Amino acid sequence: MTDFLDNFLDDYFAEAEEHLAVIRRALLTLEHSVGQRRIDGGVLEELFRSFHSLKGIAGMVDHRETEALAHELESYLRALREGDVILTTGGMDLLIKGAGALEASIAARRAKGPARDTGVVVEEIQSLITRDGTSQPAAKPESRGRGNWLCTFTPSPALIARGVNVDVVRSRLREIGEIITAAPMVNAQGSVAFQFEVSAAVSDELIERWQPDGLHFTPIAPGGAPGARAGADDRSGSILSSGHYVRVDLARLDELMRMIGNLVILRSRLTDTLARSERHMPPGQYREVQDDAEAIERELRELREGVMRIRLVPVGEIFRRMPFVVRDLARDSGRSVNVVLSGQDTKIDKFLVERMMDPVLHLVRNAVSHGIETPVERGAAGKPPAATIRLSASASGETVVIEIADDGRGIDVDKVTARAKQAGLPVPSGTIDAVALLELISAPGFSTRDASDRVSGRGFGMNVVRETLQELGGTMQVETHPGEGTRFIIELPLTLAIAAAMLARVGDQIFAVPQAAVREVAEFEAASIRAMQGAEVVEFRGAPLPVVRLSTALNVAPSDATRFHAFIIGSGAAAVGLLVDRIVGHREIVVRTTADPLIRVEGVSGATDLGDGRAVLILDAGAIARQARDRHGRRGLTVVRGIA
Amino acid sequence: MTTDNYILFTVAGTSYALPSQDVAHVEMVDQVTRVPNAPAFVDGVVFSRGQVVPAINMRARFGFERAALDVSSRLLVVQSKGRSVGLLVDSCREFMNVPQSSIHPPGEALSGLSAQYVDGMASVGNRLIVVLSLERLLGSTEHAVATRPREQASGEGHGYTETRN
Chain A
1 MTDFLDNFLD DYFAEAEEHL AVIRRALLTL EHSVGQRRID GGVLEELFRS FHSLKGIAGM
61 VDHRETEALA HELESYLRAL REGDVILTTG GMDLLIKGAG ALEASIAARR AKGPARDTGV
121 VVEEIQSLIT RDGTSQPAAK PESRGRGNWL CTFTPSPALI ARGVNVDVVR SRLREIGEII
181 TAAPMVNAQG SVAFQFEVSA AVSDELIERW QPDGLHFTPI APGGAPGARA GADDRSGSIL
241 SSGHYVRVDL ARLDELMRMI GNLVILRSRL TDTLARSERH MPPGQYREVQ DDAEAIEREL
301 RELREGVMRI RLVPVGEIFR RMPFVVRDLA RDSGRSVNVV LSGQDTKIDK FLVERMMDPV
361 LHLVRNAVSH GIETPVERGA AGKPPAATIR LSASASGETV VIEIADDGRG IDVDKVTARA
421 KQAGLPVPSG TIDAVALLEL ISAPGFSTRD ASDRVSGRGF GMNVVRETLQ ELGGTMQVET
481 HPGEGTRFII ELPLTLAIAA AMLARVGDQI FAVPQAAVRE VAEFEAASIR AMQGAEVVEF
541 RGAPLPVVRL STALNVAPSD ATRFHAFIIG SGAAAVGLLV DRIVGHREIV VRTTADPLIR
601 VEGVSGATDL GDGRAVLILD AGAIARQARD RHGRRGLTVV RGIA
Chain B
1 MTTDNYILFT VAGTSYALPS QDVAHVEMVD QVTRVPNAPA FVDGVVFSRG QVVPAINMRA
61 RFGFERAALD VSSRLLVVQS KGRSVGLLVD SCREFMNVPQ SSIHPPGEAL SGLSAQYVDG
121 MASVGNRLIV VLSLERLLGS TEHAVATRPR EQASGEGHGY TETRN
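Chains A and B supply the protein sequences, listed in that same order.
So that you can map any letter, position 100 of the first sequence is 100 in our numbering, and since no number is skipped, the others follow by simple counting.
So that you can map any letter, position 57 of the second sequence is 57 in our numbering, and since no number is skipped, the others follow by simple counting.
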């Protein structure tokens with residue numbers, strides 16, 4: 001059972017994220033319908049289906065508190081749709097609060113934190129439905145009578161050996177009721193599962209009896225939209241498993257990138273061989289092969305770019321969250337703010353979207369709590385009482401520009417300087433220009449508000465914004481005019497130099513080794529390493545494999561490990577094993593080159609930040625292996641001469 | 001009278017100054033990642049504002065014993081000819097305006113490794129400050145790289161108190 005859940009969890013989070021995105025967007029539209037009797041049916045339907053789907057998938061992974069809350073939100077929407085209740089301001093607030101609680105609950109589960117209690121919101125919604133209307137709350141998901149169920153069947157070789165296959169499951173389901181929909185799905189691990197929505201009488205006993213056969217049931221509330229099926233919502237605009245879109249696991253794209261990396265290496269090997277064979281070939285023939293090799297290189301580059309483009313997602317994923325943040329923050333601080341979004345369809349690497357969420361969130365929060373005046377102050381300054389925050393994105397060439405602009409009071413340079421001095425930060429003499437200003441507000445330890453402030457309370461200051469940007473290879477500028485407002489301009493690369501890498505410990509240091517260079521990983525006993533012809537070798541697949549201790553190659557104090565992990569670089573006679581103490585992980589890294597002559601050393605190709613701000617060196621495993629091969633080769637030659 | 005703004009820092013008890021326009025920023029430093037086979041006076045690399053910069057240990061550069069990093073240790077990230085290089089110093093606390101007229105050529109009295117990087121000596125109030133030339137400081141490191149042996153002996157330990165030259 002646990003394995004089954006684990007298999008599904010990643011899918012669950014990804015799918016929940018998509019439903020939440022739809023919900024956020026639909027709620028923004030719905031807000032205009034407060035107090036009206038006729039509400040845009042499309043929006044209601046969209047919200048209803050998203051809550052319904054969320055409830056379904058939450059049930060599938062046994063995430064009860066989310067399931068209960070989604071269920072209650074769905075009930076309220078049903079009442080709205082049936083016209084039983086009118087959408088009040090209180091109802092709207094509760095919907096937003098409910099959506100927020102759903103998000104928090106899912107996030108808590110994802111972070112493996114303690115479960116969020118959604119009971120309070122659930123009760124609030126229940127009382128709202130009884131107060132505002134007459135409709136009956138939908139039956140609890142615990143009811144086990146005849147009703148709609150989501151049934152998932154995950155086949156396995158063991159099950160098939162026992163004769164339990166999808167056809168058997170289908171006929172079993174037909175026996176107990178009616179199959180409404182059926183669809184195959186692929187989970188994150190790449191295995192196939194089948195999902196059925198059935199209308200049937202499913203008893204607890206039946207659920208238990210069929211569980212060992214890979215069948216899992218989740219109730220869907222009676223009256224749920226027929227055909228509304230978890231995972232199928234072709235209207236959200238994001239990458240989904242229906243219509244013209246496929247949902248792709250990022251890990252699979254990485255796998256593709258790794259294969260392309262291998263091709264690149266193979267191709268360069270081909271070029272080397274060609275160069276060596278030139279004098280043995282007729283010139284015409286050589287040129288033909290050479291042309292083909294170059295064509296392969298071009299295609300490879302395009303293939304690589306094509307795969308990188310698959311990773312691009314709309315910036316809107318960041319933006320859509322902001323109106324909610326602003327809404328809450330503005331209400332709490334007695335400000336009135338409109339959020340205007342533009343260029344949401346601008347596409348950017350998925351990885352960048354994830355990393356940019358917090359910085360943009362911070363700049364937007366800053367704009368509300370520092371930039372924007374109270375309506376009274378704005379009135380006195382001759383401005384409209386409601387302030388405007390503009391979030392825009394645009395692509396220009398290989399960069400994406402994101403702007404966060406407010407029409408607030410602007411940054412008070414004198415106040416910033418005074419504050420910086422008070423915080424003990426060095427303040428340059430003379431006039432403070434925009435660059436120096438940004439420098440000051442981005443300095444660690446700078447904050448113009450009390451610790452009690454909601455923004456600084458998050459522990460995410462301007463310095464983290466800037467560090468994140470720089471880590472991503474982006475830049476930030478600020479423009480501010482007293483009384484007119486502030487604009488932050490962020491420039492980011494469209495894609496990143498991202499590589500899949502293995503992390504290995506050597507002595508007391510961690511190094512990253514790009515996966516593209518590694519053919520295989522192996523483990524050896526220290527005792528199995530033998531000296532042979534002046535080099536060290538181990539037996540690997542029945543042949544001696546020269547090995548290099550990275551502790552020696554990198555001048556790191558060797559450990560007294562009794563077992564080593566090894567990266568096997570190259571193949572056949574050219575194979576070399578690089579010995580490390582332990583392989584400690586595997587992750588995507590952002591590659592930063594080490595360009596300065598002081599640190600340009602052989603065997604080190606760059607550095608990366610694993611998130612704690614410390615530099616981790618990226619090793620050029622190929623170069624280290626090559627050096628070792630050369631040394632070994634020379635020694636081998638000497639021995640041959642000696643025999644001759 | 002022309003006055004230039006300088007940033008002041010200390011290395012092994014002496015006050016040094018660099019023109020503040022050469023210093024991109026100053027930051028706290030708690031850990032330097034060692035780079036194998038780098039020049040002896042380079043402690044390693046640090047991430048500074050998303051950039052990988054080498055950290056030159058100024059004590060080692062000037063021929064003093066290394067000292068462990070502490071709360072007053074700072075990394076001055078300096079920029080010269082498109083390069084960004086970090087200088088590890090004992091402390092760095094102030095900016096100062098120094099009139100050109102109070103900077104004198106270094107006397108014969110100044111000796112030691114640091115002498116070749118000195119632009120002049122400034123006396124401000126009762127303090128004596130050594131004004132450095134960034135160009136020479138970094139230029140000489142390029143030379144150091146060019147003459148560095150390709151491979152150092154293996155099994156060598158590492159640490160701040162060790163001198164490797």
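Hints are computed from structural coordinates only; laboratory data are not their basis.
Do not take every clue at face value.
Unchecked claim - Label pairs and their calculated CB-CB ranges:
{"#": "1", "chain 1": "B", "residue 1": "H25", "chain 2": "A", "residue 2": "R276", "range": "43 to 53 Å"}
{"#": "2", "chain 1": "A", "residue 1": "S571", "chain 2": "B", "residue 2": "G63", "range": "42 to 52 Å"}
{"#": "3", "chain 1": "B", "residue 1": "D4", "chain 2": "A", "residue 2": "D414", "range": "22 to 32 Å"}
{"#": "4", "chain 1": "A", "residue 1": "A573", "chain 2": "B", "residue 2": "K81", "range": "41 to 51 Å"}
Claimed, not checked - Not close to chain B: a few residues of chain A, all C-beta gaps over 10 Å, as computed:
{"#": "5", "residue": "A115"}
{"#": "6", "residue": "R131"}
{"#": "7", "residue": "R170"}
{"#": "8", "residue": "F194"}
{"#": "9", "residue": "L253"}
{"#": "10", "residue": "E403"}
{"#": "11", "residue": "Q477"}
{"#": "12", "residue": "A575"}
{"#": "13", "residue": "T593"}
To be verified - If you want the footprint, here are the derived chain A segments under chain B, 3+ residues with CB under 8 Å:
{"#": "14", "segment": "100-106"}
{"#": "15", "segment": "364-378"}
{"#": "16", "segment": "426-434"}
{"#": "17", "segment": "545-557"}
{"#": "18", "segment": "615-627"}
A quick note: this is a predicted structure, and the numbers were derived from the prediction, not measured.
Heads up, the beta-carbon is just placed ideally off N, CA and C, and yes, glycines get one too.
Going down the list of hints, with the structure as the test:
1. H25/B - R276/A: 43 to 53 Å: holds, 50 Å
2. S571/A - G63/B: 42 to 52 Å: holds, 49 Å
3. D4/B - D414/A: 22 to 32 Å: Taking Cβ atoms as reference, D4/B and D414/A lie about 25 Å apart, which means the hint holds.
4. A573/A - K81/B: 41 to 51 Å: holds, 45 Å
5. A115: The claim stands: A115/A keeps its Cβ more than 10 Å from every Cβ of chain B (closest is about 36 Å).
6. R131: holds, 54 Å
7. R170: R170/A clear of chain B: closest Cβ-Cβ about 55 Å, beyond 10 Å.
8. F194: Holds: least Cβ distance 47 Å, greater than 10 Å.
9. L253: The claim stands: L253/A keeps its Cβ more than 10 Å from every Cβ of chain B (closest is about 24 Å).
10. E403: holds, 20 Å
11. Q477: Q477/A is indeed farther than 10 Å from all Cβ atoms of chain B, at 14 Å.
12. A575: holds, 23 Å
13. T593: violated, 7 Å
14. 100-106: Violated, because only 0 residues of the segment 100-106 of chain A bring their Cβ atoms closer than 8 Å to Cβ atoms of chain B.
15. 364-378: violated (count 0)
16. 426-434: holds (count 5)
17. 545-557: holds (count 6)
18. 615-627: With 3 residues closer than 8 Å to chain B, the segment 615-627 of chain A meets the three-residue bar; holds.
Going down the numbered hints, you'll see the structure goes against 13, 14, 15, while the others check out.
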